[in-house]
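**Student:** Spelled out, the chains give:
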Amino acid sequence: MPDIKHFKMIKRLFESIGKYFLFLGMVFRKPEKCRIFWRQFINEADKLILSSIILVGVISLFIGGVLVIQTASNLENPIIDKMYIGYMVRESLILEFCSTMVALILAGKMGSNISSEIGSMRITEQIDAMDMMGVNSAGFLVLPKVTAATILSPLLMLLSLALGLVGGYIVVETTQIIPTASYITGIKAFYKGFYIFYSCFKMSLFCFMISSIAAFNGYYSKGGSLGVGRSSTQAIVTTSILILLADLIVTQLMLY
Amino acid sequence: MIKVEHLYKSFDGKTILNDISVDYEPGKCNMIIGASGSGKTVLLKNLIGLLEPDSGEICYGDRKLSQMDYNEKKALRQNIGILFQGSALFDFATVIENVMFPMEFFTDWSEAQRRERAQYCLEKVNVIGSDNKYPNELSGGMQKRVGIARAIALNPEYLFCDEPNSGLDPYTSILIDRLIYDLTKEFNMTTVINTHDMNSILEIGDKIGFINKGSLIWQGDRHSILKTDCKELLDFVCANTLARNIIEGR
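Top to bottom, those sequences are chains X and B. Note that this note's numbering has the first sequence beginning at 20, numbered continuously upward. Note that this note's numbering has the second sequence beginning at 652, numbered continuously upward.
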């Protein structure tokens with residue numbers, strides 16, 4: 020039987036959702052000066068996207084290699100052409116790994132970065148100082164982060180795909196687990212451009228969620244440094260769950 | 652001039668501010684004093700619009716704060732300088748960038764003009780040669796000075812200071828107080844200072860309001876405070892025995 024505690028929890032949940040959309044309203048207000056926005060945009064692109072290249076690259080390279088070995092060990096059937104291993108590796112990378120898995124990794128890196136940065140500005144009254152100057156603090160601090168993450172994250176997805184395939188190639192070339200020619204034929208077979216669009220779209224959506232939810236949690240941090248840590252953790256947990264949920268919905272809507 | 656009329660504020664049913672009415676005049680250091688937890692900061696936050704009162708009115712000149720729309724509040728805020736308790740300097744910006752920050756948003760000045768104005772403000776507060784340092788490279792006193800420089804960057808009509816000398820040694824505290832006092836007189840600002848520091852009160856308190864348990868129970872200046880017969884204020888002023896003995900003529 021639901022008791023008063025459950026109703027309070029549900030009420031809090033709806034309040035948070037409402038507060039999040041009001042927060043987005045503040046974030047997407049027209050920037051005071053476009054020149055300042057673009058400068059911040061470039062800074063955030065560097066901080067959030069460029070600084071993630073090495074992490075995404077290294078993980079993709081290894082996962083590409085691992086996928087080749089796992090797929091090959093599961094398809095040890097003489098009837099099945101070896102080129103299907105390359106094909107399956109490519110499809111796994113495009114459809115799921117390069118967008119969803121990379122987004123989950125970025126939820127940790129990017130999410131904690133954004134949440135703790137904005138959270139510590141909140142508890143040291145820097146955000147109050149901006150508001151009191153008449154500056155739209157949410158717009159100034161969050162809009163460049165959200166736009167940089169949303170617009171530029173598909174580049175990370177494409178990089179991840181390219182390096183994943185390279186990782187697979189290196190494993191194939193060094194271990195000869197399957198003939199290199201079959202792998203190459205496989206990764207070029209039955210190509211569907213829509214899947215790339217689908218994956219880029221997912222990546223953009225997930226990075227929008229990561230940046231906006233982490234910023235929301237940081238922006239409303241309270242309770243000193245412990246509060247900042249708490250909101251950072253909460254941002255990562257919430258974003259990870261919502262990414263998985265959104266993945267399911269988007270896949271259903273776009274692929275069926 | 653800032654006029655506060657019958658201001659009430661409560662949190663979760665607990666009254667924090669109870670019928671506060673007071674005027675803050677231009678060219679004066681107006682002080683809000685009281686013990687910790689008496690409601691000083693809540694009053695200051697109501698004055699600057701970070702909190703909304705339950706009832707009552709705050710008027711800036713002849714404009715009521717509660718009747719201002721978003722753009723009017725924004726315009727007013729450009730006319731307000733605030734020194735926060737912890738200085739609230741932006742970590743991501745150097746000293747000079749911190750002072751130039753409000754100018755970048757609200758003026759059409761060139762980079763050179765902004766820099767010139769920022770350097771003028773920094774000179775006013777005696778911060779010289781630290782333009783390219785970050786806030787974490789500065790001492791507490793220096794951070795306060797840069798905070799004041801940023802607060803006066805747009806030549807505001809109103810200056811609010813929340814415990815400007817908390818965490819500072821007595822000598823630096825007096826320097827900061829003097830600085831605020833001189834700037835108030837020079838630019839004819841309406842300065843409101845929230846403090847419980849007796850040195851500050853006696854040094855620069857042109858107009859003083861004592862808040863006790865959310866009510867404004869005494870108003871006067873730095874000369875009359877030592878002659879008061881208000882028991883609660885005497886307890887606050889004479890928290891140490893030496894001060895009590897001096898005031899009571901022993």
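These are computed hints drawn from the structure, not numbers from a lab. Note that CB positions come from ideal geometry on N, CA and C, so glycine has one too. Any given hint could be a false lead.
In silico EDC-like cross-links for lysine to aspartate or glutamate, where the CA-CA straight-line distance does not exceed 16 Å [as the list claims (entries may be wrong)]:
id, chain 1, residue 1, chain 2, residue 2
1, B, Lys836, B, Glu854
2, X, Lys128, X, Asp65
3, B, Lys696, X, Asp65
4, X, Lys52, B, Glu762
5, B, Lys725, X, Asp65
6, B, Lys725, X, Asp147
7, B, Lys724, X, Asp147
8, B, Lys696, X, Glu144
9, B, Lys665, B, Glu676
10, B, Lys724, X, Asp150
11, B, Lys858, B, Asp848
12, B, Lys725, X, Glu51
13, B, Lys858, B, Asp720
14, B, Lys775, B, Glu837
15, B, Lys679, B, Glu854
16, X, Lys52, B, Glu708
17, B, Lys696, B, Glu708
18, B, Lys679, B, Glu808
19, X, Lys52, B, Asp759
20, X, Lys207, X, Glu110
Chain X residues, not near chain B, derived (Cβ > 10 Å throughout) [stated by the list, open to error]:
id, residue
21, Leu80
22, Glu192
23, Ile215
Label pairs and their calculated CB-CB ranges [stated by the list, open to error]:
id, chain 1, residue 1, chain 2, residue 2, range
24, X, Gly243, B, Leu853, 39 to 49 Å
25, B, Gly791, X, Asp22, 25 to 35 Å
26, X, Gly246, B, Glu723, 30 to 40 Å
27, B, Asp820, X, Gly246, 25 to 35 Å
28, X, Leu114, B, Thr758, 47 to 57 Å
**Student:** Are the hints correct? Go through all of them and say.
**Tutor:** Do the hints match the structure? See the list:
1. Lys836(B) <-> Glu854(B): Distance ~14 Å between Lys836(B) and Glu854(B) Cα, so the pair holds.
2. Lys128(X) <-> Asp65(X): Holds - the C-alpha atoms of Asp65(X) and Lys128(X) are around 14 Å apart, at most 16 Å.
3. Lys696(B) <-> Asp65(X): violated, 37 Å
4. Lys52(X) <-> Glu762(B): Holds. Lys52(X) to Glu762(B) sits at ~14 Å (cutoff 16 Å).
5. Lys725(B) <-> Asp65(X): Violated, at about 31 Å.
6. Lys725(B) <-> Asp147(X): holds, 13 Å
7. Lys724(B) <-> Asp147(X): holds, 14 Å
8. Lys696(B) <-> Glu144(X): holds, 12 Å
9. Lys665(B) <-> Glu676(B): violated, 30 Å
10. Lys724(B) <-> Asp150(X): Distance of about 11 Å is within 16 Å: holds.
11. Lys858(B) <-> Asp848(B): holds, 15 Å
12. Lys725(B) <-> Glu51(X): Since the Cα atoms of Lys725(B) and Glu51(X) sit roughly 12 Å apart, the hinted pair holds (cutoff 16 Å).
13. Lys858(B) <-> Asp720(B): Answer violated: Lys858(B) to Asp720(B) is near 31 Å, above 16 Å.
14. Lys775(B) <-> Glu837(B): holds, 11 Å
15. Lys679(B) <-> Glu854(B): holds, 13 Å
16. Lys52(X) <-> Glu708(B): Roughly 33 Å separates the two Cα atoms, so the pair is violated.
17. Lys696(B) <-> Glu708(B): holds, 14 Å
18. Lys679(B) <-> Glu808(B): The hint holds at about 12 Å.
19. Lys52(X) <-> Asp759(B): Cα-Cα ~10 Å, so holds.
20. Lys207(X) <-> Glu110(X): Given pair Lys207(X), Glu110(X) holds - Cα atoms ~11 Å apart, limit 16 Å.
21. Leu80: holds, 33 Å
22. Glu192: holds, 46 Å
23. Ile215: holds, 36 Å
24. Gly243(X) <-> Leu853(B): 39 to 49 Å: violated, 33 Å
25. Gly791(B) <-> Asp22(X): 25 to 35 Å: Since Gly791(B) and Asp22(X) have Cβ atoms about 50 Å apart, the given range 25 to 35 Å is violated.
26. Gly246(X) <-> Glu723(B): 30 to 40 Å: holds, 33 Å
27. Asp820(B) <-> Gly246(X): 25 to 35 Å: Roughly 30 Å apart at Cβ, these two residues keep to the hinted range, so it holds.
28. Leu114(X) <-> Thr758(B): 47 to 57 Å: Once the Cβ atoms are compared, 52 Å apart, the range 47 to 57 Å for Thr758(B) and Leu114(X) holds.
Comparing the model with each numbered hint stated earlier shows that hints 3, 5, 9, 13, 16, 24, 25 do not hold.
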